[in-house]
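Student: Residue strings, one per chain:
2 protein chains.
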Amino acid sequence: MKVATDFDLKQYLKDKKSKIENFIKNYFQTPITPSVLHESVLYSLTAGGKRIRPILCIASYEACNGTKDITPYAVALEFIHTYSLIHDDLPAMDNDDLRRGKPTNHKVFGEGIAILAGDGLLTEAFTILSNPDYADVNPDILLKVIYEISTSAGVRGMVAGQAYDLISEGKEPDEDTVKFIHLHKTAAMIKASVKTGAILAEASEDKIGRLEIYGKAVGLAFQIVDDILDIESTTEKMGKPRGSDLQKGKMTYPKVFGLEKSKQKAMELIREALEAIEVFDQKADPLRKIAKFIVNRTA
Amino acid sequence: MKVATDFDLKQYLKDKKSKIENFIKNYFQTPITPSVLHESVLYSLTAGGKRIRPILCIASYEACNGTKDITPYAVALEFIHTYSLIHDDLPAMDNDDLRRGKPTNHKVFGEGIAILAGDGLLTEAFTILSNPDYADVNPDILLKVIYEISTSAGVRGMVAGQAYDLISEGKEPDEDTVKFIHLHKTAAMIKASVKTGAILAEASEDKIGRLEIYGKAVGLAFQIVDDILDIESTTEKMGKPRGSDLQKGKMTYPKVFGLEKSKQKAMELIREALEAIEVFDQKADPLRKIAKFIVNRTA
Chain B
1 MKVATDFDLK QYLKDKKSKI ENFIKNYFQT PITPSVLHES VLYSLTAGGK RIRPILCIAS
61 YEACNGTKDI TPYAVALEFI HTYSLIHDDL PAMDNDDLRR GKPTNHKVFG EGIAILAGDG
121 LLTEAFTILS NPDYADVNPD ILLKVIYEIS TSAGVRGMVA GQAYDLISEG KEPDEDTVKF
181 IHLHKTAAMI KASVKTGAIL AEASEDKIGR LEIYGKAVGL AFQIVDDILD IESTTEKMGK
241 PRGSDLQKGK MTYPKVFGLE KSKQKAMELI REALEAIEVF DQKADPLRKI AKFIVNRTA
Chain L
1001 MKVATDFDLK QYLKDKKSKI ENFIKNYFQT PITPSVLHES VLYSLTAGGK RIRPILCIAS
1061 YEACNGTKDI TPYAVALEFI HTYSLIHDDL PAMDNDDLRR GKPTNHKVFG EGIAILAGDG
1121 LLTEAFTILS NPDYADVNPD ILLKVIYEIS TSAGVRGMVA GQAYDLISEG KEPDEDTVKF
1181 IHLHKTAAMI KASVKTGAIL AEASEDKIGR LEIYGKAVGL AFQIVDDILD IESTTEKMGK
1241 PRGSDLQKGK MTYPKVFGLE KSKQKAMELI REALEAIEVF DQKADPLRKI AKFIVNRTA
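As they're listed, the protein sequences go chains B and L. The first sequence maps to residues 1 to 299 in this note's numbering. The second sequence maps to residues 1001 to 1299 in this note's numbering.
By construction, these hints were calculated from the structure, which means they are not laboratory data. This one's a predicted model, so the numbers in the text were calculated from it and none came from an experiment. Ideal Cβ positions, reconstructed from N, Cα and C, are used throughout, including at glycine.
Sample of chain B residues facing chain L (criterion: CB under 10 angstroms; computed from the structure):
hint : residue
1    : 38
2    : 111
3    : 112
4    : 117
5    : 118
6    : 130
7    : 131
8    : 132
9    : 139
10   : 147
11   : 150
12   : 157
13   : 163
14   : 167
15   : 168
Capping the alpha-carbon separation at 20 angstroms, the derived lysine to aspartate or glutamate pairs in EDC-like fashion look like this:
hint : chain 1 : residue 1 : chain 2 : residue 2
16   : L       : 1255      : L       : 1176
17   : L       : 1144      : B       : 136
18   : L       : 1248      : B       : 111
19   : L       : 1025      : L       : 1133
20   : L       : 1283      : L       : 1062
21   : B       : 237       : B       : 226
22   : B       : 144       : L       : 1133
23   : L       : 1144      : B       : 133
24   : L       : 1265      : L       : 1232
25   : L       : 1263      : L       : 1232
26   : L       : 1179      : L       : 1260
27   : B       : 68        : B       : 281
28   : B       : 144       : L       : 1136
29   : B       : 250       : L       : 1111
30   : B       : 144       : L       : 1140
31   : B       : 248       : L       : 1111
32   : L       : 1261      : L       : 1230
33   : B       : 250       : B       : 232
34   : B       : 107       : L       : 1111
35   : L       : 1050      : L       : 1021
36   : L       : 1292      : L       : 1281
37   : L       : 1250      : B       : 111
38   : L       : 1144      : B       : 140
39   : L       : 1292      : L       : 1275
40   : L       : 1107      : B       : 111
Given the sequences, and given the hints that come with them, work out the whole structure.
Tutor: Spelled out as C-alpha cells, the structure:
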C-alpha cells in the first residue's frame, strides 16, 4: 500500500481551510435583506467546521492533475453541508441546542429563519455552481457536477438518509438500516465531494470510478467514527453533549455491531479507500493522509 | 394594445396542465426510500395546483418560437414552487393547516418529513435542470437557466421575501416593505419562470428583457390579487380559511393601500405587462390571456 511520508497534512488542511474561509467571507459582502437572514446564514457558515468536504474536493481535483483554482465550486459543497446541519438540528429533526460548542442556528435566530437560511444555502450552492465565471470550466462539465451533487444531496441521497434516520429513532438496531442511513446521510455527499473534484479535472472514467469507491468508503468510515466519538470523546472536544446519539435512540454502528467491531469496520473501509486509489501518483497523497486522519481523529 | 381573440385559454391551460402532471406522475415511478418521504413528496406535488409557473415557462418559450418539448425543465419550477409551499406552511412559518382544501404536508407526515420533502424537491429541481437528456438543449443554456432560477429562488430572491414576510408579521403596514415582500416572495419566481422559457428558446436580449418586465409585473399582480382574494373570496373556493392573512397580521396590499387602490394597482401592472410584450406576434397570445386571467381569477 502506497503511503505518503514527506507530506505535512496539518499544514495542507490549514492552507486549504484558509482559502475556503476567505472565499466564504468575501462571498456575502453585499448584504442580504433582511439582515437577520444574512446573520443567520453567516452564523452557521463561519461556525468553525473542519471543511472536510471542500478540502476533499480540491484534493481529488489535484490528484487528477487539475491546476485551476476551484475553491468556489468546492465551497458550494460546504454550503450544502451547512444547510443540512441547520435543518438537521431543528426541533422537528434532531432537536439539538449545541453545534460545535455554539447554540444551534434556530436557538439564535428562531426556527423560521433557520429553515430559510438552510433553504437559502442549498439554493446558493447551485448559484455558485452555475456561475461559469469562477474558473475556466466547460459548461458541460459544470452540468455534470450539478447533476452529481444534486442527486447525492436529494431524495435518493442525503435527504433519504435523513428521513430514514428520523423514522428509525428508537427502533431496534438493524444492520441494513444503519448502513442505509450512513451511506445516504453522510457518505453520499462525501462521495459527491470527491467525485466533483475528479469531474472538474476531467479525469478518466476509470479514475472517477476509483475516487467514487474512495469517497464512499471514507464517507461511511467518517460516520462510523462519528458514532464511536459520541461514546468515547468528550463534550468539550466535540462541541456537543457526549452520548447524544444514544440518548435520542439513534441507530448507530456501535449499537448494531458493538464498539470494537465498529472500529474494525472503519479501519477496513479506510483500507478499501486506499486500495482504490493505489494507481494514483504522489499527487494523491493528501487523499491518502486524509483517509487516515478521518479514522484517527478524536473530535 | 394587441389582444388575442380566437384563442381558447381554458383549453390551453388544460392541455399544458395535463402534460405537466403526466410528467410529474412518471417522474417518481422508481420508489424513493423511505416510503413516507416518497408519499410526502407526491402528496404535495399532486395536490392540485394551477401549475401557473411551468405553464408560463412553456408559454414564454413558445412566444419566443421555441419548438421542443421543454416540459421537464418547466416542471423543475413547479418542484421549487411546491417546496416553498411545504416550508411556508410549517408551524415555524405561516402555521397553516389547510392548503388547496387538504391538510398541509406537515399535518399529514409530521414536521420533520415535511421539511425533508421540501429540501428534496428543491434539490430535485436542479437534478432535472442539469440532466441534458430531456431535450436537445446546449449545456451553456441550461447553466444560464440554473443561474436564473437559483438566484430568483435564493437569499436574494424568494427566500429573502419569505424571511421579510416572517419578520414583518404584526408590524405597521408599510409601502416599501409590502412591495419588497411581494416582489421577492412571489414575483421573483414567476419572473424566473417566464425568463426560463425565453432563455431556453435562445431569445434575443431584447426579448428576454421584455419578458422579464412582463414576468415581474404579472408576478406582483398575482400576489396582490391573492391578497384581495383573502378578503373577498370564500374559504371553499380558496381551499384555505378566508381572512387568514388578516388574522396573522400579514403585510398585504389591501392593508397598505386599501381594496380599491390595490385592484387598480393590479390592473396597472397587467397593462404594464401587456405593453412590454406588444412587439411579440400572436404566439404570445397565451401570455397575454394568462396575464388577464391572473387579475380576473376568483380563486
